[in-house]
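Protein chains: 2
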Amino acid sequence: MISANDIRQSHERIKEHIHDTPLLNSESINALAGCEITFKCENFQKVGAFKIRGAINAIKCLSKNELKNGVVTHSSGNHAQAIAKAAKLMNTVAYIVMPENAPKVKVNAVQSYGGKITFCTPTLEARESSMKHLQKKTSAVFISPYDHPDIISGQATAAKEMLEKIPLNVILAPVGGGGLLAGTALASKYFGNDIDVIGAEPSGADDAYRSLKEGKRITKQTPNTIADGLLTTLGELNYSIIKDNVNEILTVEDYDILNAMRLIWERLKIIVEPSCAVPLAAVLCNKEQFKGKKIGIILSGGNVDLDPFFNDFL
Amino acid sequence: MISANDIRQSHERIKEHIHDTPLLNSESINALAGCEITFKCENFQKVGAFKIRGAINAIKCLSKNELKNGVVTHSSGNHAQAIAKAAKLMNTVAYIVMPENAPKVKVNAVQSYGGKITFCTPTLEARESSMKHLQKKTSAVFISPYDHPDIISGQATAAKEMLEKIPLNVILAPVGGGGLLAGTALASKYFGNDIDVIGAEPSGADDAYRSLKEGKRITKQTPNTIADGLLTTLGELNYSIIKDNVNEILTVEDYDILNAMRLIWERLKIIVEPSCAVPLAAVLCNKEQFKGKKIGIILSGGNVDLDPFFNDFL
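Heads up: the protein sequence lines correspond to chains A and B, in order. Here my numbering is used: position 219 in the first sequence is 219, and no number is missing along the way. For my numbering, count along the second sequence from 1 and bump the result up by 1000.
Don't read these hints as lab results, they were simulated from the structure. These figures come from a predicted structure and were not determined experimentally. For glycine and all other residues, C-beta sits at the position ideal for the given N, C-alpha and C. All clues stand as given, with none of them false.
The calculated DSS-like cross-link candidates involving lysine-lysine, where the alpha carbons are at most 27 Å apart (straight line), are:
{"hint": "1", "chain 1": "B", "residue 1": "1137", "chain 2": "B", "residue 2": "1116"}
{"hint": "2", "chain 1": "B", "residue 1": "1165", "chain 2": "B", "residue 2": "1015"}
{"hint": "3", "chain 1": "A", "residue 1": "116", "chain 2": "A", "residue 2": "60"}
{"hint": "4", "chain 1": "A", "residue 1": "15", "chain 2": "B", "residue 2": "1165"}
{"hint": "5", "chain 1": "A", "residue 1": "137", "chain 2": "A", "residue 2": "64"}
{"hint": "6", "chain 1": "B", "residue 1": "1015", "chain 2": "A", "residue 2": "165"}
{"hint": "7", "chain 1": "A", "residue 1": "165", "chain 2": "B", "residue 2": "1165"}
{"hint": "8", "chain 1": "B", "residue 1": "1116", "chain 2": "B", "residue 2": "1060"}
{"hint": "9", "chain 1": "A", "residue 1": "243", "chain 2": "A", "residue 2": "291"}
One-sided and incomplete, this derived list gives chain B residues near chain A with beta-carbon spacing under 8 Å:
{"hint": "10", "residue": "1269"}
{"hint": "11", "residue": "1270"}
{"hint": "12", "residue": "1271"}
{"hint": "13", "residue": "1302"}
{"hint": "14", "residue": "1309"}
{"hint": "15", "residue": "1313"}
Pair ranges (Cβ atoms, derived):
{"hint": "16", "chain 1": "A", "residue 1": "104", "chain 2": "B", "residue 2": "1307", "range": "17 to 25 Å"}
{"hint": "17", "chain 1": "B", "residue 1": "1166", "chain 2": "A", "residue 2": "136", "range": "46 to 54 Å"}
{"hint": "18", "chain 1": "A", "residue 1": "12", "chain 2": "B", "residue 2": "1288", "range": "39 to 47 Å"}
{"hint": "19", "chain 1": "B", "residue 1": "1027", "chain 2": "A", "residue 2": "63", "range": "23 to 31 Å"}
{"hint": "20", "chain 1": "B", "residue 1": "1213", "chain 2": "A", "residue 2": "114", "range": "43 to 51 Å"}
{"hint": "21", "chain 1": "B", "residue 1": "1255", "chain 2": "A", "residue 2": "243", "range": "49 to 57 Å"}
{"hint": "22", "chain 1": "B", "residue 1": "1308", "chain 2": "A", "residue 2": "91", "range": "39 to 47 Å"}
{"hint": "23", "chain 1": "A", "residue 1": "164", "chain 2": "B", "residue 2": "1308", "range": "36 to 44 Å"}
{"hint": "24", "chain 1": "B", "residue 1": "1167", "chain 2": "A", "residue 2": "88", "range": "25 to 33 Å"}
{"hint": "25", "chain 1": "B", "residue 1": "1167", "chain 2": "A", "residue 2": "12", "range": "30 to 38 Å"}
{"hint": "26", "chain 1": "B", "residue 1": "1137", "chain 2": "A", "residue 2": "194", "range": "53 to 61 Å"}
Given these sequences and hints, build the entire structure.
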């Protein structure tokens, strides 16, 4: 089990390499939502997402011997960038399996950090089999995007930073593989004061919602959502932490995710990716539940392909 | 003439109503530009732009008697929102003449602050004649978007805040009517330490560049640029301040403005409008001139119509 001390040590380990990202709020969003929302801006984090926290933590926990053949992982994007950047920091090689439909901006970024990419078809099976093949070939150490105690412990530091600054009644994080949500739940348990932890998930990739409802982890799904960072299926360790420490998973439709994303762009004047907007969408779709409360939302990342906007301009 | 004390007093007058906006920077933009750029994020300002500074200052300088019939102005957008919001704060009415091609997001915002809009054709002549007609009808006090000492003194507070926090070799601001640039120049003279002040202007609306070059204010132009906040022509008071206190005006093409805007969106993860990106475009197009220097850029605003991006998503 991941302890409070594990998370504290992870934070010490990664502190010099990451930003203590700012907290933002918007009067107009609060008025619209009927509660007091504080956003933890991990879109301003190094590599543009919280994923760098877990990646650096996990790689820094490896021995010199383990690092000598590099690291390998699969990711739809932000974990890939994070592992590539963290590997560069630790002077080792990162082999990355990415789905062929990953946003161009994320592919470019991985390459800019020196990550070596292998593309595969966009299913979990294809990702895992490509990854195993690559691992065998290179003898690199596999670092799961989410199902890994050092990753979860690293992701927990985002909520820890937030809770050290402001009191909250509820904290929300999006859920894909469950690294951020599991970490947020543990940080809230150890460093918060009786906080409800809620996961927010797209209806088109609702395996965490169904897993909690059915009391067993669902391992197969065919996800279909605009939230491209949440296509992955809940991890094993993640499920075991989430079922014990998360109050509830709320699901939202893509239409509501896009509206929430636009609201963040327009009112906060910051760029967030669709996955990031899922928790705000969950609050706006369940206003009664959150009325008058102090809500914390972890904005997970800001890596979005801007071609549609800028092509229209040119 | 606007004194250091005028600017100090303006700052005291508006302080409680505005944000002391954050300073941001990006390692990757610095690497690309070959200098050390700090961005003053007025896109995070109330109403999404620096214009609220001048608007509140100007309205707070009016007497009760002057305020009783309201205020009137013309604006392509951000000044309109600022005057509407400031008038609301001071419990008076704002009559606003806006060009009929003003971005929808700006029109909606003016209406949300209770401003009363009259639309006109998008030329300076039409704006001024509609405004005079409205002023006659309502007896409201005219507040120029830029050619007004209290406006200039208010806009100067953005550079003042920046200079009180960090040392700079050069400061850049975009120039349309010249309120921000004139204010920035005066703030740099009074509160900076031997700083070069540079205006950045779209080639398609280069009246300030030509005015300085020809030694007399050009009063007519047919602007054509994507930087919709900079379509206005340099004001009289603005010209007289700028010619004495600005080192140079650099002009840039729309293509370079869009590239700089995209860079700010992608690397800083913040929303800025095209006008905002003109100074960064000027730096990137003149790298030799700025090599190794400490550069301050005032990001003027973040009110951009997001329809093109979100329509493509839906």
